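**Q** The task is simple: from the sequences and hints, build the whole structure.
Under my numbering, think of the first position of the sequence shown as 1, with each following residue one higher.
Rather than coming from a laboratory, the hints here were simulated on the basis of the structure.
The structure displayed is predicted, hence computed values, not measured ones.
Warning: the hint list may mix true and false statements.
Derived lysine-lysine pairs resembling DSS-like cross-links, with alpha carbons at most 30 Å apart [as the list claims (entries may be wrong)]:
no.	residue 1	residue 2
1	K18	K121
2	K121	K321
3	K18	K117
4	K321	K344
5	K172	K276
6	K172	K321
7	K31	K220
8	K121	K73
9	K220	K335
10	K79	K276
11	K112	K79
12	K112	K321
13	K112	K73
14	K220	K18
15	K276	K117
16	K117	K73
17	K172	K344
18	K31	K18
19	K31	K112
20	K31	K344
21	K276	K73
22	K276	K335
23	K321	K31
24	K172	K220
25	K117	K321
26	K220	K321
27	K79	K172
28	K18	K73
29	K335	K321
30	K220	K79
31	K117	K79
32	K117	K172
33	K276	K220
34	K31	K73
35	K172	K73
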Amino acid sequence: MNQNTFAISGRIIDGQTKQGIPGLRIEAWDKDLIFNDLVGSVETDRQGRFSMSFTTDYFSEIFFDRRPDIFFKVFHGEKEIRPINAPFIPNMQPGEREITIEVDLSSVEEPKEFLVKGTVKDEAGSPESGLLVRAADIDLRREEPLGETTTDSNGYYEITYTPEQFARAEKKSADLVVRVFDAQGEILAHSSIRYNANPTEEIDLVLGSGIIHEPSEYEKLIRELLPLLNGLGFAELEESDEHHDISFLSSETGLDAQRIGALAEAHRFEDYARDKIGETTADPFALTAPVFYGLFREGMPTEIHALLSQSQELIQRALLKAISANIVPSEIEEKIDIILDQLKSLVP
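**A** Below, the structure is given as structure tokens:
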């Protein structure tokens, strides 16, 4: 084996039967103070085995002079499974490592109850109280009601529902839409469809002038953080011995520090792409910060060369997933072909 190669192989087994488990996704991550980096993702084979490898050249800009501290996540579909044992490889040296991960499959239970919650506000940000909110599960040619409520004095609503209410009995989660109605039953606002909704979803809606939209996670972050930047650009935010911008903003707003870190990194990636591409392409520049933020939130590497080494199919899938989950604005979907072409042009 090349002396500059990290290789990890092993097996995922059921903690009770000790049998290998096929079809689980295992992700290897490098642990960092603020923002962890995904370094590999594979599925187990029929015997529950897996293998992945990386080179020092591949990680030189992520790890600099240190060695990676590798931890693992295991997924059954989209649900993360907590290992019974949690392998951790601190200061990993180049070479081969063999690990075994035990999981408790009995913990992979389908949710018995789901929740959708959020706020309804006008364009000025004032809460809309006393409005009827309904949630529905969308299918190809029909939909099933999941529940309804009215917004409180803060514009807040909360609707719980169960799998028995899904449009098709075999569905494991709803394709969720939320609508807001006035007293006459007219629709004032509706969300985009949240496909394969998580057990808990937060969907905020904004009303006004006939324009209906559901702010994405990216847009909410920008709106919350912008008043606190004191003239700094998002790309200038850092967490270092000298500056503690990210931890300060997290403490001040209650927002997740990793998401703030991802936002700052996304803006730095946009600056990098603009320097490399500029306005020289025939198509308008499309590698904006929301694109990179969506990729980071879906587990893509936060180091530029590592990101560019990912397949275009994997990048496209991650972007579409981020759009579907309303992590980034839906307008990105119209530009995916341009985004992929411009990312490809950045590859050395």
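**Q** Against each hint, give a clear statement of whether it holds in the structure.
**A** So, going through the hints one by one against the coordinates:
A threshold of 30 Å between alpha carbons decides the hint, and for K18 with K121 the separation of about 52 Å lies outside it, so the pair is violated. For a cut-off of 30 Å, the pair hint linking K121 to K321 stands: about 26 Å separates their Cα positions. Among the hinted pairs, K18 with K117 is inconsistent with the structure: their alpha-carbon atoms are about 40 Å apart, more than 30 Å. Of the pairs offered as hints, the one joining K321 and K344 holds, with about 20 Å between alpha carbons and a cut-off of 30 Å not exceeded.
Of the supplied pair hints, the one linking K172 and K276 is violated, its CA atoms being roughly 44 Å apart against a limit of 30 Å. About 17 Å separates the Cα atoms of K172 and K321, which keeps this hinted pair within 30 Å; it holds. Proposed proximity of K31 and K220 is supported: the alpha carbons are some 27 Å apart, at most 30 Å. Among the hinted pairs, K121 with K73 is inconsistent with the structure: their alpha-carbon atoms are about 37 Å apart, more than 30 Å.
This hinted pair checks out: K220 and K335 have alpha carbons roughly 21 Å apart, not beyond 30 Å. With a CA separation close to 38 Å, the supplied pair K79 and K276 exceeds the 30 Å bound. Distance check on the hinted pair: K112 and K79 sit about 14 Å apart at the alpha-carbon level, within 30 Å; holds. With a C-alpha separation of about 24 Å, the suggested pairing of K112 with K321 holds against the 30 Å cut-off.
Restraint check for K112 and K73: the C-alpha separation of about 24 Å stays at or below 30 Å, so the hint holds. Taken as a hint, the K220 and K18 pair is broken in the structure, with Cα atoms around 45 Å apart against an allowance of 30 Å. Of the pairs offered as hints, the one joining K276 and K117 is violated, with about 42 Å between alpha carbons and a cut-off of 30 Å exceeded. A C-alpha spacing of about 28 Å is found between K117 and K73, which places the hinted pair at or below 30 Å, so the restraint holds.
With a C-alpha separation of about 36 Å, the suggested pairing of K172 with K344 is violated against the 30 Å cut-off. A threshold of 30 Å between alpha carbons decides the hint, and for K31 with K18 the separation of about 28 Å falls inside it, so the pair holds. Simply put, K31 and K112 have alpha-carbon atoms about 33 Å apart, too far for the 30 Å limit, and the pair is violated. For the hint linking K31 to K344, the alpha-carbon distance of about 28 Å falls within 30 Å, and the restraint holds.
Using a Cα cut-off of 30 Å, the hinted pair K276 and K73 is violated, with the two alpha carbons roughly 34 Å apart. For the hint linking K276 to K335, the alpha-carbon distance of about 19 Å falls within 30 Å, and the restraint holds. Restraint check for K321 and K31: the C-alpha separation of about 24 Å stays at or below 30 Å, so the hint holds. With a C-alpha separation of about 29 Å, the suggested pair K172 and K220 falls inside the 30 Å cut-off, and the hint holds.
Of the pairs offered as hints, the one joining K117 and K321 holds, with about 20 Å between alpha carbons and a cut-off of 30 Å not exceeded. For the proposed pair K220 and K321, the alpha carbon gap of about 18 Å is at most 30 Å, so the pair holds. Pair hint K79 plus K172 holds up; C-alpha atoms about 12 Å apart against a cutoff of 30 Å. A threshold of 30 Å between alpha carbons decides the hint, and for K18 with K73 the separation of about 19 Å falls inside it, so the pair holds.
Restraint check for K335 and K321: the C-alpha separation of about 15 Å stays at or below 30 Å, so the hint holds. Distance check on the hinted pair: K220 and K79 sit about 25 Å apart at the alpha-carbon level, within 30 Å; holds. As the CA atoms of K117 and K79 are separated by approximately 20 Å, the hinted pair is consistent with the 30 Å bound. With a C-alpha separation of about 19 Å, the suggested pair K117 and K172 falls inside the 30 Å cut-off, and the hint holds.
Proposed proximity of K276 and K220 is supported: the alpha carbons are some 29 Å apart, at most 30 Å. Taking the CA atoms of K31 and K73, the gap is near 12 Å; set against the 30 Å cutoff, the hint holds. Under the criterion of a C-alpha separation no larger than 30 Å, the hint pairing K172 with K73 is consistent with the structure, at around 22 Å.
Checked against the numbered hints given earlier, the structure breaks hints 1, 3, 5, 8, 10, 14, 15, 17, 19, 21 and satisfies all the rest.
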